[in-house]
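Trainee: Using the sequences and the accompanying hints, generate a full structural model.
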Amino acid sequence: MATRALSERATAPTVSKSQQAYDWLRERILRQEFTPGYRLVLSAIGKELGMSVVPVREAVRRLEAEGLVVFERNIGARVGMIDRTGYEEAMDALAVLESAAISRAAAHLDAATLRRARELNEVMRGSLEHFDAHMFTALNQQFHALLYRACPNQHLVDLTEAEWSRLGHLRDSTFTFIPGRAPESVREHEHILGLIEAGAAPDGVEHACRMHRGRTLSAYLDLGEPGAPTSPSTP
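In UniProt numbering, the protein residues as written are 1 to 235.
Incorrect hints may have been included.
[As the list claims (entries may be wrong)] Okay, the calculated beta carbon distance ranges per label pair:
hint, residue 1, residue 2, range
1, Glu119, Gly50, 48 to 54 Å
2, Leu49, His207, 41 to 47 Å
3, Ala44, Arg215, 38 to 44 Å
4, Thr14, Gly214, 39 to 45 Å
5, Arg39, His155, 29 to 35 Å
6, Val54, Pro202, 41 to 47 Å
7, Lys47, Gly214, 41 to 47 Å
Because the hints were derived from the structure by calculation, they are not lab data. Just so you know, even glycine gets a beta-carbon here, dropped at the ideal spot from N, CA and C.
Mentor: Right, here's the structure in full:
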């Protein structure tokens, strides 16, 4: 037994220091502990994690490729700021990628997964009266992930998740400033689930998902410069 345990430990995959740094940084950016514009001091991060600057730099470069970090001359790495144009482009990319992923996932979604998606959507519906943008955001992402992660094309799933990450640190403010989208989003989720359960053609599912994403973008862009947050309208 002892020999077997040692063997299992010996063959267990180890996480590289670069991956550890990447996971640590990404989590803090998405949780908004490191907010847009926050300067990332690589030496300080390395000290915090007990590693050299090299794996931290590799992790930051990965985050830069995802749009979560930017490098500025004479300043260094900062958490990315997504301007209006950048937000529009990222949302447009997510609409294309995610709708394609969900349309391909539809035939692979089993009854248990669809039931869980409906349960999440009902929790989202129940949260509208006492709206919490952070909680709604987390539930919304769980709902979408249940659907697109069933896509058999893993590369498409990875691209979709990269765009979710790019937008993650702005998602709360989006639902805060366009609270009317929250109840609309819940209703659109119901429509998408209905199409999938009815065995709708993939292009029909894809169109519904793309329109769903597009309406959120349109509602945000229609604001001009966002003002003070309000409470969501009721369905």
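Trainee: None of the hints should be skipped; say for each whether it holds.
Mentor: How the hints compare with the structure:
| no. | hint | verdict |
| --- | --- | --- |
| 1 | Glu119 x Gly50: 48 to 54 Å | 41 Å, violated |
| 2 | Leu49 x His207: 41 to 47 Å | 45 Å, holds |
| 3 | Ala44 x Arg215: 38 to 44 Å | 42 Å, holds |
| 4 | Thr14 x Gly214: 39 to 45 Å | 43 Å, holds |
| 5 | Arg39 x His155: 29 to 35 Å | 33 Å, holds |
| 6 | Val54 x Pro202: 41 to 47 Å | 45 Å, holds |
| 7 | Lys47 x Gly214: 41 to 47 Å | 45 Å, holds |
When each numbered hint is compared with the structure, a violation occurs for hint 1 only.
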